[in-house]
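A.B. asks: Spelled out, the chains give:
2 protein chains.
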Amino acid sequence: MIEQKERDFENIIRFIIEIDKVKQIVRQTLLMDQSRHENDAEHSWHMALALFLLKDYASYEELDLVKAVKMVLIHDIVEIDAGDTYAYDIQANHDKYERELKAAKRIFGLLPEDLQNEFMSLWQEFEEGNSPEAQFVGAVDRFMPILHNYKTQGMQWKKHQVTTKMVEERNKPIQQGSEFLWQKVLDIIEDSKQKGFLK
Amino acid sequence: MIEQKERDFENIIRFIIEIDKVKQIVRQTLLMDQSRHENDAEHSWHMALALFLLKDYASYEELDLVKAVKMVLIHDIVEIDAGDTYAYDIQANHDKYERELKAAKRIFGLLPEDLQNEFMSLWQEFEEGNSPEAQFVGAVDRFMPILHNYKTQGMQWKKHQVTTKMVEERNKPIQQGSEFLWQKVLDIIEDSKQKGFLK
Chain A
1 MIEQKERDFE NIIRFIIEID KVKQIVRQTL LMDQSRHEND AEHSWHMALA LFLLKDYASY
61 EELDLVKAVK MVLIHDIVEI DAGDTYAYDI QANHDKYERE LKAAKRIFGL LPEDLQNEFM
121 SLWQEFEEGN SPEAQFVGAV DRFMPILHNY KTQGMQWKKH QVTTKMVEER NKPIQQGSEF
181 LWQKVLDIIE DSKQKGFLK
Chain B
1 MIEQKERDFE NIIRFIIEID KVKQIVRQTL LMDQSRHEND AEHSWHMALA LFLLKDYASY
61 EELDLVKAVK MVLIHDIVEI DAGDTYAYDI QANHDKYERE LKAAKRIFGL LPEDLQNEFM
121 SLWQEFEEGN SPEAQFVGAV DRFMPILHNY KTQGMQWKKH QVTTKMVEER NKPIQQGSEF
181 LWQKVLDIIE DSKQKGFLK
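So the sequences go chain by chain: A and B. At position 61 of the first sequence (counting the first as 1) the number is 61 in my numbering, and the numbers step up by one without a gap. At position 193 of the second sequence (counting the first as 1) the number is 193 in my numbering, and the numbers step up by one without a gap.
Derived by calculation from the structure, the hints in this document are not laboratory data. A portion of the hints provided could be inaccurate.
For chains that are exact copies, the list does not tell them apart, and a pair is met inside one copy or across any two.
With a Cα cut of at most 30 Å, we get these calculated DSSO-like pairs of lysine-lysine [claimed, not checked]:
(1) Lys184 <-> Lys67
(2) Lys5 <-> Lys151
(3) Lys184 <-> Lys5
(4) Lys21 <-> Lys195
(5) Lys96 <-> Lys159
(6) Lys21 <-> Lys184
(7) Lys193 <-> Lys151
(8) Lys159 <-> Lys21
(9) Lys5 <-> Lys55
(10) Lys195 <-> Lys158
(11) Lys158 <-> Lys199
(12) Lys67 <-> Lys21
(13) Lys184 <-> Lys151
(14) Lys193 <-> Lys5
Construct the complete structure from the given sequences, taking the supplied hints into account.
C.D. replies: Following this line, the structure appears as structure tokens:
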């Protein structure tokens, strides 16, 4: 028993060291002051707090918050191997799941078996988007870059020639996780169109 | 009621935008590959995951994990105004609490009243370090930079002429939160001394 606990600890530390790389995965999103791009670790922290702050606006009254916050914290770890796939890059999104599944197996595979199984199924649950937690976490994950784009006068939207229709279609699943948030997103999209942030 | 919910939402969004600044608060700690310094948002994300991964090594069998993870996520937000205070800077640590309390009042003050009160008392509980959650979160907060220093051959320890005795004294509170982690820290300190990472 003691030996197992020691071995598990060593594997956990190996994993903690490995995921330091998440701090170097650069996203398309800019920081709100436009000074540089955001990375996955920063995004995951911001999103974890947003989860707690916005939970009363979820479509579901009962959310397992421990499960949901773990989902947030691990949702982008696969990008250590698979890289960040831009939401509006159709080609790269084609084989995204396969690349990420392989990454999940390798990276979560560093952990002791129980944690490995837990993180693997949390990540898959998030990807499938069927549970209340996955749907709400997915809504917050989509909402954050919209807020960043809105606050930066649509700089990245303009750069990638993103249209109103593209943002609406891509972000429609927000509605499942939070009708309230979806209405706010529609307001932001409308205002962004007016202001020329979106075509 | 609906109006209140709308007003609360606006205030939450104001807060979410304000805390984007946490991504620009640079710590003394280097990333594990030594490429650059780490920031508070990245540190908080890493630490939140470490909390879940290491919870079975805590001194307490029952931890309120939602409370603990919220504590992790907000613990460095005050540094938006107060700045990062280096652990071994005695002078700057002198008026640290006063500076940070003022910051907490301003920043958490952006939130709706219930969240404001919750975050304020979570932050104070963490600072006081008396509850099981505060002690374990405090232990993980101290453990992370030790691991970073160890993995980077003590680069920051050497730069600031940190001694074995300083690391031991500064990190002794880890023992309250986790006897297991404290023993591991003593091993790391001993090995770091042998390898010349620490004087």
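A.B. asks: Next step is simple, just say for each hint if it's right about the structure.
C.D. replies: To see whether the hints hold, each was checked on the structure:
When the C-alpha separation of Lys184 and Lys67 is checked against a cutoff of 30 Å, the pair qualifies both within a copy, at 26 Å, and between copies, at 28 Å. For the identical chains of this complex, Lys5 and Lys151 are inter-copy neighbours only, at 22 Å across copies versus 47 Å inside a copy, given an alpha-carbon limit of 30 Å. For a Cα distance limit of 30 Å, the shortest separation of Lys184 from Lys5 across copies, 13 Å, qualifies, whereas the shortest one inside one copy, 47 Å, does not. For the homomeric pair Lys21 and Lys195, the shortest alpha-carbon distance between copies (25 Å) is at most 30 Å, but the shortest distance inside one copy (37 Å) is not.
Taking CA atoms no more than 30 Å apart as the test, Lys96 paired with Lys159 passes inside one copy only; the shortest distance there is 23 Å, against 43 Å between copies. Only between protomers do Lys21 and Lys184 lie at most 30 Å apart by alpha-carbon distance; the minimum there is 23 Å, versus 34 Å within a single protomer. With identical chains, the CA atoms of Lys193 and Lys151 are at most 30 Å apart within one copy only, with a shortest distance of 14 Å there and 49 Å across copies. Taking CA atoms no more than 30 Å apart as the test, Lys159 paired with Lys21 passes in both settings, with 27 Å inside one copy and 24 Å between copies.
In the homo-oligomer, the alpha carbons of Lys5 and Lys55 lie at most 30 Å apart only across protomers (12 Å), although the nearest pairing inside one protomer, at 35 Å, exceeds that limit. When the C-alpha separation of Lys195 and Lys158 is checked against a cutoff of 30 Å, the pair qualifies only within one copy, where the shortest distance is 12 Å, while the shortest distance between copies is 52 Å. Taking the shortest alpha-carbon separations for Lys158 and Lys199, only the intra-copy value of 8 Å comes in at or below 30 Å, while the best inter-copy value is 54 Å. Taking the shortest alpha-carbon separations for Lys67 and Lys21, both the intra-copy value of 23 Å and the inter-copy value of 27 Å come in at or below 30 Å.
Only within a single protomer do Lys184 and Lys151 lie at most 30 Å apart by alpha-carbon distance; the minimum there is 14 Å, versus 45 Å between protomers. For a Cα distance limit of 30 Å, the shortest separation of Lys193 from Lys5 across copies, 26 Å, qualifies, whereas the shortest one inside one copy, 56 Å, does not.
Checked against the numbered hints given earlier, the structure satisfies every one of them.
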